[in-house]
Amino acid sequence: MSDASAANGPDGDIAIDVAAVELDGVGKVFNPGRSNEVDALTGIDLRIAPGEFVTLIGPSGCGKSTLLRLIAALTDVTDGSVSVNGKTADRARLDRDYSMVFQRAGLFDWRNVSRNIELPLELMGWKAADRRQRSAEMLDLVKLSEFARHHPAELSGGMQQRVAIARAMSFDPKLLLMDEPFGALDEMTREHMQNELLRIWTETQTTVIFVTHSISEAVFLSTRVVVMSPRPGRISAIIDTDLGERSEATRDHPEYFANVTAVRNALRGGHAS
Amino acid sequence: MTAAKAVLRAWLPPVVAAAIMFGCWEALLAVLNPDGFVLPPPSRIVSALFGDFDTISTATGITGFIIVTGLIAGVLVGALAAVLVTAFRSAHETLTPLAVAINAVPIIALAPIFNAWFGILSPRSNQAVVVVLVFFPVFINTTRGLGQVEPSQIELMESYGAGKWRIMREVRIPNAMPYFFTALKLATSLAVIAAIVAEYFGGRQDALGNIITNSAGLTRYDDAWAAVLAGSLVGIGLYATAVVLERLVMPWYFAARRAT
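Each protein sequence line maps, in turn, to chains A and B.
Okay, so the first sequence: first residue is 2 according to our numbering, each after it adds one.
Okay, so the second sequence: first residue is 61 according to our numbering, each after it adds one.
Since the hints were made in silico from the structure, they are not lab data.
Given the structure is predicted, the values throughout are model-derived calculations rather than measurements.
There's no promise every hint is true.
[Unchecked claim] Quick list of the computed label-pair ranges, beta carbon to beta carbon:
| id | chain 1 | residue 1 | chain 2 | residue 2 | range |
| --- | --- | --- | --- | --- | --- |
| 1 | A | 95 | B | 210 | 55 to 63 Å |
| 2 | B | 154 | A | 95 | 28 to 36 Å |
| 3 | A | 248 | B | 66 | 43 to 51 Å |
| 4 | A | 38 | B | 214 | 19 to 27 Å |
| 5 | B | 296 | A | 196 | 54 to 62 Å |
| 6 | A | 231 | B | 147 | 35 to 43 Å |
| 7 | A | 128 | B | 238 | 27 to 35 Å |
Glycine included, each C-beta is placed from N, C-alpha and C at the ideal position.
So that you can see chain A by itself, here it is in the shape it has in the complex (with noise of 0.2 Å):
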């Protein structure tokens, strides 16, 4: 695996090495001690390093929506610890250091696009004339300046699901932790938001936690992809997968398909490289 957690750069930067999530021994037990009492999760270490794009594949029931939750801190860990940004991980969300993206947009039926995409903003205090430079600088990033005052019921799926990252990311946040987020969309609004995604990334530096079942999906996207396997949840493998600066071309390319084959591998138990 790559060592991003080396010590010290060069230019003495401690910064720098502040790991941007950090995973060490993980377990999470559900309802502990009862007769339905499921071991979700076990033995995770795992350490993302800032503006990384990982990628947590697995099959159902193998933990990763959870582990996205247990860095969110909606849920807490039974075993180990974890961190974001250096912080507990109770820390990181109260200081807003992440936001997170479901597969379901989730928009509110009662606020308009625009004020959709505030209301985080509006949580953290913002005034309304900054609040709404904000969201019109927003909703330029995912192009859909035009439909500012629209309802969220008026939009496609494809196009909720933007104005949600839109709202993810309006205050910056260090880290976008994605729940499956085009899960729910056909195939070509799934490439094309794919494709956005990326844009964005490279444009915001964000570092972004990514949970998806699709395989092409994670080597397409991710820098690293970490694959899980169930009963208990636990990683099975971790797979290089950075292809450089991405394009519709890339879907094309050998090596893409070097990391599809490499990935599913891993998938069904076999050996990674």
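Following the hints, put chain B in place on chain A, whose structure we already have.
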């Protein structure tokens, strides 16, 4: 003025239907039962209303006050209880079974007992009946609306570090609005029924309920029907107010329904 147009679209068909119904009523009675003793034709009910307009309008004012104040109090208490029950688990465990038990009581049957508590001539006992009767549908519906929120929307708010009350304000309360207004519309007619039936048992003697019982007792059915008509008009007015309020408070809800 889309709100005004929407109101017109909602109200025009029933008004036409009512005109046809009253027309048939009038015509059939003229042929079958010209003396109209037990069931007077609509024209005689209306002329009874205007013939004794002062009595009826005073009575409508008295009963209308009981209806409106009881309705407002019952709706406020119901909605507030729903918020409390949603915010605090312990409140949910205490209040919800109590509310269900209260609802199982035939509340109208309490009217004579409330008369003993508040005094037989006091409007307080009638107001109390209205409050208790209105409370339940508002409480149950609003609680459901506050609770049936998409889980990822709650997680989203938590991921932004929002606390319980912020989530209540930004997510739960807007989500509960359609449920609340359904209950409010139901509550308007319940409030009219509750007030008038409660007046059968007591309260001020110049109120609508007492005019109905007294007039019927004296076989002055025209006057009894005139009082019923006045009560209906109060109910229709309150229902219309609830519909207009609904459109004003949740324009987004109707916009979303048009879009899908």
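*May I ask which of the numbered hints given earlier this structure violates, with the numbers listed in increasing order?*
1
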